[in-house]
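So the protein lines, in turn, are chains H and Y. Anchor point for the first sequence: position 142 equals 142 in the UniProt record's numbering, and the numbering is continuous, going up by one each time. Anchor point for the second sequence: position 225 equals 225 in the UniProt record's numbering, and the numbering is continuous, going up by one each time.
These are calculated hints, taken from the structure and not from any lab test. Check before you lean on any hint, since a few could be wrong.
To be verified - If you want the footprint, here are the derived chain Y segments under chain H, 3+ residues with CB under 8 Å:
#1 27-35
#2 100-106
Stated by the list, open to error - Rough simulated footprint, nothing fancy, chain Y against chain H, three-plus residues with beta-carbon under 8 Å:
#3 36-45
#4 55-66
Just so it is clear, CB atoms sit at the ideal spot from N, CA and C, and this is done for glycine as well.
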Amino acid sequence: MKSEPNTPGQEVPVSAPVMVDLRLSVNRDSYPITVDTRETLLDTLRERLDLTGAKKGCDHGQCGACTVLVDGRRMKACLALTVTLDDREITTVEGLADGDTPHPLQAAFIENDAFQCGYCTPGQLCSAVGMLAEASAGWPSSVTADVTGEPRLDDEEIRERMSGNLCRCGAYVNIVAAIGQVAR
Amino acid sequence: MRPFDYRRAEDARSAVAALDERPDAMYLGGGTNLVDLMRLGVASPEMLVDVTRISSSAIEESADGGLLIGAGVRNSDLACDPLVRLRHPMLAESVLAGASGQIRNMATVGGNLLQRTRCSYFQDISKPCNKRQPGSGCPAREGDHRNLAIIGHSSDCVATHPSDMAVALAALGAIVHVEGRRGSRTVPMPGLHRLPGDEPDRDTVLEAGDLITAVEVPALSFATRSHYRKVRDRASFAFAVVSVAAALDVADGVVRDCRIALGGVAHVPWRAEIAEEALRGSAATATEFTRAADLELAQARPLRDNGFKVPLARNVLVRTLIDLTEAS
Ligand SMILES: Cc1cc2nc3c(=O)[nH]c(=O)nc-3n(C[C@H](O)[C@H](O)[C@H](O)COP(=O)(O)OP(=O)(O)OC[C@H]3O[C@@H](n4cnc5c(N)ncnc54)[C@H](O)[C@@H]3O)c2cc1C
Ligand code: SF4
Ligand code: FES
Ligand code: FES
Chain H
1 MKSEPNTPGQ EVPVSAPVMV DLRLSVNRDS YPITVDTRET LLDTLRERLD
51 LTGAKKGCDH GQCGACTVLV DGRRMKACLA LTVTLDDREI TTVEGLADGD
101 TPHPLQAAFI ENDAFQCGYC TPGQLCSAVG MLAEASAGWP SSVTADVTGE
151 PRLDDEEIRE RMSGNLCRCG AYVNIVAAIG QVAR
Chain Y
1 MRPFDYRRAE DARSAVAALD ERPDAMYLGG GTNLVDLMRL GVASPEMLVD
51 VTRISSSAIE ESADGGLLIG AGVRNSDLAC DPLVRLRHPM LAESVLAGAS
101 GQIRNMATVG GNLLQRTRCS YFQDISKPCN KRQPGSGCPA REGDHRNLAI
151 IGHSSDCVAT HPSDMAVALA ALGAIVHVEG RRGSRTVPMP GLHRLPGDEP
201 DRDTVLEAGD LITAVEVPAL SFATRSHYRK VRDRASFAFA VVSVAAALDV
251 ADGVVRDCRI ALGGVAHVPW RAEIAEEALR GSAATATEFT RAADLELAQA
301 RPLRDNGFKV PLARNVLVRT LIDLTEAS
């Protein structure tokens, strides 16, 4: 989506794309990049930076396949405009492992057989990383009996907190087990 | 999606000035509703003014024990705030009952209040819709309206307001702080949202260019005993079919005071003033709770396919009040 250079004498199209230069920080690498203001983080990652881990499932915020971490918080990359994120630190599934050592959640997903086709997995992993941080910060959830108290991360809590990530293959039982193994 | 300019506002004044200069512009919060509507072609601003960085992302305690919540506070930060959880549990619960963890991390308080209806015709630009295109008609009235309004709808629009948080704020009588072209003012809830009447394109009483800067929750001592209960088509991550936010003050088996609002039933978060009035001074029993709920719901005019919401709303309200009584 690059804007066409305007030939002299040609009328400027009313709706020419608006391009903005910015610096995007992803998995601790800094990318100088020119983006169309309409571009979502998901499209920038996948189409421009060749980081295809985050997946496009619905493009409407409904499935969680595009989940990434922004300053450590899980978010949906399909609803985030790249132009809003120039001073943020973005982590995708490609950035979770420590060199050749998989992230504990990645290892637990493998051990527990927590996927079939794998399409939702990058989103599940990033979401689980963010969710565990939220739980250890003491955030309650919709199934926490008393919102004033400290939540305990049992299976019901994990299911509720991961409800923004759908799995078309129905690997939920093992996803909950994998996350539970890391949480406890 | 139509191309648009992007500007990041540093403070409320410059955000308002930007929209004054460019009437085709819109404010951008977390973008979880607006970006989606732009992609669907329902909204097509020529400029977005990002208001998430203006200095209003804090929750402050006011002198009288109320809370002043900046419009830029993310939904998850509101729900996990210790004072909100302690003093207004139904507010924390209502936020936690909405959307998903990822969306709550992005969504702002201002954007949540001003999110648009989830009526499927509104979101589909190939269909007529009076809210999206005034005068084009309302296919929901005869079409798919199972999840739409039972109270306060008009021949022009039968949509519901989708926000969970707004239901708790309406029950709490929150005060919305607004900065506009002619200076700042406050709008008390539930008066922010309006019934559709013959202008369903107007969701709220706000005027073009108005910026929400904060939401003030007045002190309400008995709100420590309050609860938000939501019924939806699946266990999580779905909009309300019907919901109830209620705070109850019971002493010696008698209701001294209460605050009640219903969600999923109207174009606005519906403050149940008739039920509140009926309950004050009455016995805190299931019989009285049912009587009050029935009095409130006597105004209901369900559509062909959503009559089930009337007994559902009654039962959820009665159950919530019983639970609050037993917890005392
Ligand atoms: C899949 C999905 C499921 C969801 N489920 C639920 C649910 O169960 N319950 C629920 O309550 N919500 C639900 N939501 C909706 C969600 O809560 C809203 O999208 C969100 O709260 C909007 O906040 P935002 O900051 O992202 O707003 P934006 O999308 O940025 O803005 C929304 C509107 O508010 C305007 N605006 C933003 N900030 C201001 C301001 N400060 N002053 C004036 N105008 C402003 C914008 O111009 C726009 O018109 C869901 C959303 C999705 C995508
Ligand atoms: S109910 Fe309202 S939003 Fe839905 S189609 Fe009718 S006019 Fe449009
Ligand atoms: S692709 Fe973002 S939530 Fe589905
Ligand atoms: S493993 Fe196939 S969608 Fe989840």
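Do the hints match the structure? See the list:
1. Note: the stretch 27-35 of chain Y has 5 residues with beta-carbon separation from chain H under 8 Å; the three-residue rule is met and the coverage holds.
2. Beta-carbon proximity to chain H at under 8 Å applies to 6 residues in the stretch 100-106 of chain Y; the threshold of 3 is reached and the given coverage holds.
3. Here's how the stretch 36-45 of chain H fares: 4 of its residues keep a CB closer than 8 Å to some CB of chain Y, so the rule of at least three is met and the hint holds.
4. Requiring three or more residues with a Cβ within less than 8 Å of a Cβ of chain Y, the coverage given for the stretch 55-66 of chain H holds, as 4 such residues are present.
The structure meets every hint from the earlier list without exception.
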